[in-house]
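Undergrad: Take a look at the letters that make up each chain.
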Amino acid sequence: MLTKRIIPCFDVDQGRVVKGVSFIELRDAGDPVELAKLYDAEGADELVFLDITASSDNRATVYDMVSATADQVFIPFTVGGGIRTTSDMKTMLELGADKVSINTAAVNNPDLVNEGAYRFGSQCIVVAIDAKGVGEGWEVYTHGGRTPTGIDAIAWAREVVERGAGELLVTSMDTDGHQSGYDIPMLRAMSEAVNVPVIASGGAGGPGHMAEALTEGKADAVLAASIFHFGTYSIREVKEALSEQGIAMRPVADRD
Amino acid sequence: MGANPFLVVVDYDAGNLRSVERALAHVGVDATITADWADLARADGVILPGVGAASDTMAKLGERGLTEPLREYVASGKPFLGVCMGLQALLDHSDEGGGQECLGLLPGNVRHFGFDHLKVPHMGWNQVTWLREHRIASGIASGSYFYFVHSFYPDPADPDLALGETTYGLTFPSVLARENMVATQFHPEKSGEAGLAIYANFAEWVREAA
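Protein chains in written order, with our numbering: chain A, 732 to 987; chain B, 53 to 262.
Hints may contain errors.
Here are the in silico distance ranges between beta carbons for each label pair [claimed, not checked]:
id, chain 1, residue 1, chain 2, residue 2, range
1, B, Pro211, A, Glu947, 35 to 41 Å
2, A, Lys949, B, Ser194, 39 to 45 Å
3, A, Ser818, B, Ala209, 38 to 44 Å
4, A, Met732, B, Asp212, 33 to 39 Å
5, A, Glu893, B, Ala77, 38 to 44 Å
6, B, Asp207, A, Pro841, 34 to 40 Å
7, A, Ser818, B, Gly114, 25 to 31 Å
8, A, Gly962, B, Ala90, 51 to 57 Å
9, B, Ser194, A, Gln803, 25 to 31 Å
10, B, Asp65, A, Asp985, 23 to 29 Å
11, B, His186, A, Met732, 34 to 40 Å
In short, the hints are calculated from the structure, not lab data.
Glycine included, each C-beta is placed from N, C-alpha and C at the ideal position.
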């Protein structure tokens, strides 16, 4: 049976993981490769790296990270942040990323979705949608949730899938950072609007929230950062809790 | 050759080429990435990777003059592994993109999932149930999880070709095997320990056969 996926997300600045990841067993908690290996061993189904490096002068740092991760981690991983052209996509995919995620760049230039899907295949084009509730629906925000666009999020989801997006990474700006649960009505509306997998993001405080997103919210995968990075829950604990609720999970292998 | 077999990964710009190379390196195998037919002719083992569209795959193999050398290699009886599109390319025909003739090394077709009630592509981790014994499956429990990304699935004309099967809306053969050929619909290079074991088993097979 196809399992639901648990996806830890890392913010990376100049090739280093930021946002206080605290793991005592790691020599270097800022090293993305070490973290990726740890989460892989813990049962992560995929990984997402979000590059928040402000200066484009420092792109080489993320290139090194992507290549080193691909050398040592054998589960799929996605890289987002700073990808504005098909040439940026090509660079990341050739370095070893399995998928690239685009957000603001897709809103500014929707043809980028078509071009990316045409050149590299839909399976590696993830469109990230940041949205906030407005009236009965949800509005797309860009630039890390700072800029409203006036675009209806559900219509946008349909459009990018038509253009070739293979997966949607949907973050609610209303629930993000609060650890009080994902935006279930939005996830559900999004998932029902498209026929590609939807990754729920923003608001995970524990396995109960993830279960809601995967059942009522109809998401195919859940992404979380803080609860894993701060050790509130391990991936193993989350997977065991979700399995107990009857949600299909890939079991975590026992370590020797 | 024995200790240092000549293992070739066919280079036709497939998206997962480098990932396959990395997985092989991780299990201690030095592979040669090549588009040279002469390398195929003297290889002890060949891996055909693949991601993307059937038409694109067949066009690129054709442009690089690899179609016949691949057929000849398989006929030589030496170990061959196809991955994802590298599996689909082995069959007679794919329904993708209005229809595409493939290599015809295994009888059967490649069909679209075409579900309304399930998302397509079939993307994520799913189980493979072994239907019989095979050295490629050595040490890998039946029911192990592998990473899939595909919208089309193999529908071989001979049901005995199926070595492993997977269920997504319908049950399809996710691993095909006949004589010296094995092919997986999933991506072993992205399937953690179970996937690496596939490459290790293949490398062992190549080593013994060399």
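Undergrad: Decide, hint by hint, whether the structure agrees.
TA: Now the hints, each set against the structure:
With their beta carbons about 40 Å apart, B/Pro211 and A/Glu947 fall inside the hinted range of 35 to 41 Å. At about 30 Å, the beta-carbon gap between A/Lys949 and B/Ser194 misses the expected band of 39 to 45 Å. Under the hint 38 to 44 Å, the C-beta atoms of A/Ser818 and B/Ala209, about 43 Å apart, fit the expected range. For A/Met732 and B/Asp212, the Cβ-Cβ distance of about 25 Å falls outside the hinted range of 33 to 39 Å, so the restraint is violated.
A/Glu893 and B/Ala77 have their C-beta atoms about 39 Å apart, which keeps the hinted 38 to 44 Å range intact. The given range of 34 to 40 Å is respected by B/Asp207 and A/Pro841, whose C-beta atoms sit roughly 36 Å from each other. Distance hint check: the CB atoms of A/Ser818 and B/Gly114 are about 27 Å apart, consistent with the given range 25 to 31 Å. As the Cβ distance of A/Gly962 to B/Ala90 is approximately 55 Å, the hint placing it in 51 to 57 Å holds.
The hinted window of 25 to 31 Å between B/Ser194 and A/Gln803 holds, with their beta carbons roughly 28 Å apart. Between B/Asp65 and A/Asp985 the beta carbon distance is about 39 Å. The supplied range of 23 to 29 Å is therefore violated. Between B/His186 and A/Met732 the beta carbons are some 23 Å apart, a value that contradicts the proposed interval 34 to 40 Å.
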